[in-house]
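These protein sequence lines are chains A and B, in that order.
Those letters in the first sequence? Residues 50 to 706, by the numbering used here.
Those letters in the second sequence? Residues 9 to 154, by the numbering used here.
Worth flagging that the hints you see were computed from the coordinates, not collected in a lab.
All of these numbers come straight from a predicted model, not from anything done at the bench.
Be aware that one or more of the hints could be misleading.
To be verified - Facing chain B, from chain A, some residues (calculated, C-beta under 7 Å):
(1) P392
(2) V393
(3) G412
(4) I431
(5) T432
(6) A444
(7) T632
(8) I636
For each residue, glycine too, the CB sits at the ideal point set by N, CA and C.
Residues per chain, in single letters:
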Amino acid sequence: MLIELGHFALVLACVLAVAQAAIGFAFWRASGTAARFVQQAAILQFLLVGLGFATLTQAFVASDFSVRLVVEHSHSLQPLIYKITSVWGNHEGSMLLFVLILVLFGAAVAAFGRNLPRDLATLVLSCQGLLVAAFSGFVLLTSNPFWRLDPAPMDGTELNPILQDLGLAIHPPLLYLGYVGFSICFSFAAAALISGRIDAAWARWVRPWTLASWSFLTLGIAMGSYWAYYELGWGGWWFWDPVENASFMPWLAGTALLHSAIVMEKRNALKIWTIFLATITFALSLLGTFLVRSGILTSVHTFASDPARGTVILGMLAVFIGGAFALFALRAPALRAGGLFAPVSREGALILNNLFLSTATAGVLVGTLYPLVLEALTGARITVGAPFFDLTFGALMVPLLLIIPFGPFLAWKRGDLVAVVQRLTFAIAATLIVSIIVFALIGFPMSLAPLGLAIGFWIMIGALAELADRAALGRRRPGASWQRLKGLPRSVYSTAMAHFGVGVTVIGIVCATAFETEVITAMRPGETVDVAGYTVTYEGESQIAGENFSADRGTFAVASPWGTTHEITSERRTYLVSRMPTTEAGIDTYGFSQLYIQFGERMAEGGRVVRLWHKPFVTLIWLGAVIMAGAGALSLTDRRIRVGAPKTARKKAETAQ
Amino acid sequence: MALTRKQKRLSIIAGLGLVLAIAAGLILMALRDQIVFFYSPSEIAEKGVAPGEAIRLGGLVADGSWMQDGETNTFVVTDGATEMTAHYVGILPDLFREGQGVVAEGSIRPDGTFEATNVLAKHDENYLPREVADTLRDQGVWQGGE
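Produce the complete structure using the sequences and hints provided.
Take a look at the structure:
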């Protein structure tokens with residue numbers, strides 16, 4: 050009964066979204082009544098879809114095997130947490146999550162965007178309503194999670210064991226909050242194009258939403274990367290898999306959008322480009338959804354490939370993005386160019402940032418789509434793998450990373466590069482000294498690693514140098530500097546923090562790639578192997594029984610170079626229902642480095658094949674991403690851009706007078 | 009150096025154009041050199057793939073062909089018509105089975121066997137790598153999955 054209620058709620062939300070869009074588009078100029086209806090509809094949709102999602106979750110938790118989706122993706126033996134995560138561990142449920150986040154952002158704009166101009170808010174919510182209508186319609190017609198099964202089987206067929214992990218509880222919701230969150234930026238862009246209100250104020254309104262989505266997407270991608278790293282047991286953290294690229298392209302475009310929106314906000318320039326980026330970022334999200342859901346790519350994300358669904362998503366992509374571009378073509382010629390600036394200036398630096406980021410996005414896009422296009426045209430089956438992306442993406446990132454510390458030092462309109470270099474002298478010297486000390490300690494390998502490390506240090510030190518410079522550290526009394534430091538706006542801190550995070554990630558990537566140690570060997574109980582100074586002893590294996598799996602668990606004693614001992618266990622599991630084997634890597638963290646053990650097959654002559662990695666500073670890769678996301682969150686708390694707050698400060702000031 | 013409005017704009021556009029041109033050249037070059045072709049054992053025999061060239065080999069693991077010597081694995085990849093012996097040092101994916109589909113990345117050795125640097129994991133029991141399924145269907149070894 051509950052599940053029918055949920056089904057009905059989703060139908061209602063879909064109908065409501067159609068009404069919302071129709072009324073909003075028809076009367077956005079006119080009365081406050083339409084605006085109020087559109088707002089209330091947005092909040093009501095969230096409640097309805099939330100109800101639908103809750104009833105589906107309830108069916109999974111209660112193991113209601115009269116619901117087809119529960120039968121296909123859950124089992125009564127599964128631990129509770131995996132019963133809940135099973136809700137979105139499949140195509141239908143994940144599309145419902147997609148819709149839930151669409152309406153969440155709509156409702157958030159309705160609730161917190163009270164200070165937006167009425168016509169713009171109405172248009173944003175109408176566009177969002179159109180998206181909700183399309184996607185909830187898609188769920189209802191092609192991927193309905195609420196179908197019953199009659200007669201109901203006794204038990205289900207279990208969630209894919211590889212997805213039975215805490216990662217499924219965290220990665221998809223975060224990723225979707227980012228991925229789908231950019232829908233609201235798209236709606237803002239469409240609203241700006243329809244209303245013609247394309248100015249600095251628009252950039253200020255859209256920026257918190259971009260920041261929030263971007264922060265979630267950063268976390269989601271990092272979490273997905275860490276999950277793949279420990280769950281797939283290959284020891285890699287990024288594979289340039291098309292599905293990874295599908296989430297990475299919106300991130301690159303979103304990062305460009307964050308930066309170009311600053312120029313639009315501060316200088317009223319780059320308006321067309323910023324609107325274009327807002328559109329293209331969500332287009333890339335939709336493209337990713339299409340690639341992942343259509344089944345033209347096979348991956349762990351392809352739950353059930355159904356070309357019909359892919360075609361529908363492609364159709365929606367064409368309609369929404371085509372529509373946005375048509376509006377774009379109508380409006381763009383009427384836009385007047387904003388503030389002028391010299392090539393060497395803050396604007397110029399941000400344009401360079403955008404140039405490199407968008408070119409990198411295009412490179413990743415080409416590499417991702419090329420195999421599909423080539424196969425369609427010639428039938429040749431190829432893979433564009435890591436070598437392609439390392440070469441093209443890497444080559445584009447090096448100059449971008451090098452210029453990061455210069456950007457915040459350059460003045461708006463006309464910067465003085467010589468003066469900036471002078472102010473950065475200390476940072477440049479510090480980078481060189483740190484790099485030389487590090488290479489003296491670890492030896493100077495003949496590779497690109499020293500360059501990579503130096504770039505990482507440069508970005509981190511450059512970020513700190515910006516704060517030091519703004520606080521006039523060394524030029525004023527320490528007390529005065531401290532006062533200045535405290536008085537800096539949070540957005541300055543968040544810029545420095547985000548850039549610092551980039552540096553941290555770069556260091557992690559370089560270290561884990563260039564200095565990793567890998568050992569593959571056959572081990573019998575009692576045997577010992579040395580991995581990068583760690584002495585690993587294989588102590589033996591035991592049989593264990595989990596809630597819904599049985600496993601062979603290998604136990605290893607690890608003596609670290611500084612004398613501590615640890616125990617690492619790695620398992621080969623067989624899940625009881627699907628009879629599917631999986632490997633649980635054994636990972637132990639030492640500082641920022643990790644020892645990673647994969648437990649292999651039993652050999653005929655006894656013993657096991659064991660694959661061991663030492664990955665120095667590998668956790669910095671994800672830590673850097675967390676710092677970047679934290680910077681996004683910090684920036685959101687800045688009073689000047691806080692959601693819905695832009696007017697309050699001035700009002701307060703007026704009352705005070 | 010005082011630039012006029014037009015000169016400023018031109019210098020920016022020229023700079024952008026230069027970076028874009030370099031990037032486009034890089035991407036095209038990489039697309040020519042860094043892509044990896046997928047072949048079945050029969051296609052390798054037909055096309056004469058050069059030893060050392062990075063390729064992907066796909067097919068079924070022949071029954072009874074998988075041998076382990078410590079961490080070294082040897083198995084035969086077949087598409088029903090032609091067979092190819094492959095070597096792999098390391099731990100094979102959990103779902104590696106005789107009689108099931110497999111995709112191996114690596115290159116052909118001078119002795120004509122395949123040296124795999126990576127064997128791709130399948131993520132569930134029912135899933136046959138798409139390239140393998142297509143090839144096998146073309147060769148008439150396997151029907152279904154359409």
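Comparing the hints with the structure gives:
Annotation: P392(A) was flagged as interfacial toward chain B, and the flag holds, the nearest CB pair being 5 Å apart, inside 7 Å. At a threshold of 7 Å, the smallest CB-CB gap from V393(A) to chain B is about 10 Å, leaving the interface hint violated. Hint status for G412(A) relative to chain B: holds, with the closest Cβ pair at about 5 Å, below 7 Å. At about 5 Å, the closest approach between the beta carbon of I431(A) and any beta carbon in chain B falls short of 7 Å, and the interface hint on this residue holds.
Below 7 Å, beta-carbon pairs count as interface contacts, and T432(A) has one with chain B at about 4 Å; its hint therefore holds. A cut of 7 Å between beta carbons decides the hint on A444(A): the least distance to chain B is about 6 Å, and the hint holds. Residue-level restraint check for T632(A) holds (minimum Cβ-Cβ distance to chain B is 6 Å; threshold 7 Å). Restraint check, I636(A) versus chain B: the minimum CB separation of about 16 Å is more than 7 Å; hint violated.
Comparing the model with each earlier hint shows violations of hints 2, 8; every other hint is respected.
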